[in-house]
Amino acid sequence: MTQVLEVSEMSVSFPRRSGLLGKSQPLRVVENVSFEVGKGEVVALVGESGSGKSTIARAVLRLLPIDNGRITLADVDITTLSQRALRPHRRNAQLVFQDPYSSLDPSMTAIEIVEEPLRGFAMSREERLRSAQELLASVGLAGVEGRYPYEFSGGQRQRIAIARALAPRPALIICDEPVSALDLSTQNQIISLLDSLRQSLGVSYLFISHDLSVVRRIADRVLVMYAGEIVEEGPTERVFRDPVHPYTLALLSAVPAVVGDRSKHAKRIVLEGDLPVPGAPPPGCRFHTRCPFAMDVCRSEVPAWTEFDHGVSGRCHLHTSGSTLGFSGLTQFAEDAMASTDRDRGQTSI
Amino acid sequence: MTVQDSATTALRVKELCVDVATPEGWATVVEDVSLAVDVGEIHGLVGESGSGKSLTAMAIMGLITHSQSARVTGGEVLLGDVDLLKLSNRDLRRHQGKDLAMVFQEPMTSLNPAFTVADQIGESIRYHLGASRKEARERSIELLEEVGIADARRRCNDYPHQFSGGMRQRVMLAVALACEPRLLIADEPTTALDVTVQAQMLELIRSLVERHGMAVIFITHDLGVIAEICDRTTVFYAGQVIESGLVGEVIKGPRHPYTEGLLRSVPADDDLPLWWIDGSPPLPGQVSSGCRFSPRCEYSKNECDTHAVPLRLSADGRAIRCALADDLSLNGRD
Chain A
36 MTQVLEVSEM SVSFPRRSGL LGKSQPLRVV ENVSFEVGKG EVVALVGESG SGKSTIARAV
96 LRLLPIDNGR ITLADVDITT LSQRALRPHR RNAQLVFQDP YSSLDPSMTA IEIVEEPLRG
156 FAMSREERLR SAQELLASVG LAGVEGRYPY EFSGGQRQRI AIARALAPRP ALIICDEPVS
216 ALDLSTQNQI ISLLDSLRQS LGVSYLFISH DLSVVRRIAD RVLVMYAGEI VEEGPTERVF
276 RDPVHPYTLA LLSAVPAVVG DRSKHAKRIV LEGDLPVPGA PPPGCRFHTR CPFAMDVCRS
336 EVPAWTEFDH GVSGRCHLHT SGSTLGFSGL TQFAEDAMAS TDRDRGQTSI
Chain B
69 MTVQDSATTA LRVKELCVDV ATPEGWATVV EDVSLAVDVG EIHGLVGESG SGKSLTAMAI
129 MGLITHSQSA RVTGGEVLLG DVDLLKLSNR DLRRHQGKDL AMVFQEPMTS LNPAFTVADQ
189 IGESIRYHLG ASRKEARERS IELLEEVGIA DARRRCNDYP HQFSGGMRQR VMLAVALACE
249 PRLLIADEPT TALDVTVQAQ MLELIRSLVE RHGMAVIFIT HDLGVIAEIC DRTTVFYAGQ
309 VIESGLVGEV IKGPRHPYTE GLLRSVPADD DLPLWWIDGS PPLPGQVSSG CRFSPRCEYS
369 KNECDTHAVP LRLSADGRAI RCALADDLSL NGRD
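Chains as they are written, first to last, in the working numbering: chain A, 36 to 385; chain B, 69 to 402.
Keep in mind that a hint or two might mislead.
Negatives, chain A to chain B, calculated, CB over 10 Å [unchecked claim]:
no.: 1; residue: Ser46
no.: 2; residue: Tyr183
no.: 3; residue: Tyr185
no.: 4; residue: Gly190
no.: 5; residue: Asp255
no.: 6; residue: Ser288
no.: 7; residue: Glu307
One side only, chain B facing chain A, incomplete, derived with CB under 7 Å [what the hints assert, rightly or not]:
no.: 8; residue: Glu256
no.: 9; residue: Ala267
no.: 10; residue: Gln268
no.: 11; residue: Leu342
It should be emphasised that the hints constitute simulated quantities derived from the structure, not laboratory data.
Every residue, glycine too, gets a C-beta built ideally from N, C-alpha and C.
If we strip away everything but chain A, and leave its shape as in the complex, we get:
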């Protein structure tokens, strides 16, 4: 087994009824996404709220119905399995949620929370408790098994949630914004913990985050989502250094940097407007309404998925439709455009 999770051409819709007696018009929120997560690999899913990240997470766990596509989890095609047939495979994919305050049962002690997922296994109570104790120790919480969630800080609660996710020995853990509710110093501890668990246990993560500085620290590969589509994919460092898609460039430039000297602030692309309304993406490239580089072809034709020499793939006409602007020129182009508009601030709206 090399791929822990394979998703191919998956689309997800939400039902929507317009008006009192109106027809049901499904709202397509994830369109034709394909990706895979290898064994021991960390794949990050980044994008704005509403881009479809969490929907993908829920869909691959079969918590949401999908329109089409195929989901293979640990070499088993789970796309069409009945909920009953799916049960033995569920242990292979676990979830860690964003908010450690609402994702733990307040009436259970730490060890009960971690022991609970083991109840379906052929283990005695003693074995389960011993296993839960070891799991808590592995996340740095030894000796506090009998405490209730309210006695723990946010970071410690997230550690309990991680121990619970690890309990059934999953091949894949889906982390949905696992550190965004935590203070910076605590974030770093949790990321470091996730990384060491990956190395010691060989578990894979599908890591959902909107925080690119976090993603950079943990992910091997990045998938960038925009309006329900994957618009760019590649090894983390390469995507950060040489993004193919202008949206990725904008996301990267929007992260506020800690610099003492304001003149050193990175050139910034401030995107105007919001994500397109779900279910009604603009024609052509979905990003063209906010793209500083949009050309005529972008408004009418959907850009094709293209693989580039430096191992990054994406869909953008800038690189494929005879434009002289290659991916290496993208960053430069943006910098030049901004330098000429507002020198002293190093910022502009384009």
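Following the hints, complete the assembly by docking chain B onto the known chain A.
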């Protein structure tokens, strides 16, 4: 943009103390906090959850003066010559929403879902300035245009649920700006937003400050945001101010070990290992008599645990609460 040369102080907070109710009784969670914010200045308050930043802001706004679960036990909040803490509820209301305005973190919950945005922006204009319904509506439209809502004349009749998160935060700003406040408090206004929308908001707040010349207290736990938008910053730890100064100077040359730790926790572009400050802040009511950061401080000496450390002002306008500050050489970020 730096602090204005002809600096006039808009707000001065002196030795503010706030207690909150705990099962064990009242515990001091904001202790001897002093701040000064000039006209046209954006002053950033930074610190971990529970460090007292938001309670300080609430006390300044007069939102906890008469509360059951928290109380102001000392200090002054001077807006011009008026000590807001000494005002009656009735007198305080003449300032709230007029001279003092606040933007909260959650744009989803801080607008009333049952009223149109024009009603909510116009409310304080009618209350404080005695404007007619029609005048208030016209002014609301102007304000919506100013905060960058397209097609404001039509959109002003919409309800909050018809706006996205970033747009709602713009509407919140319009509500706050309605009566041209002298002080705007923004409590984590961009934390719930996407980075792209955050970038739009920071840009907007800065341009509004330049245009209106108000004083701003900007609360955040993100040092990147501080570096980007603030002129001066005050760092909180366990209810105390532990360092304050011009943003560039604090970031380049922190003089308190906690500030250094915070700066080191920010991921850099290089491949340095992730850094964090071990341990957690003390709980309210369980602070030691010495330096509160000492148990987590790598430079700590015996004397740190025994003597309370005063906040010392240095000649260059920095304030530091560290007994060892003169002997330490700490690293910042360029």
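Exercise for review: List, from low to high, the hint numbers that the structure doesn't satisfy.
Suggested key: Failing hints, ascending: 4, 6, 7 and 8.
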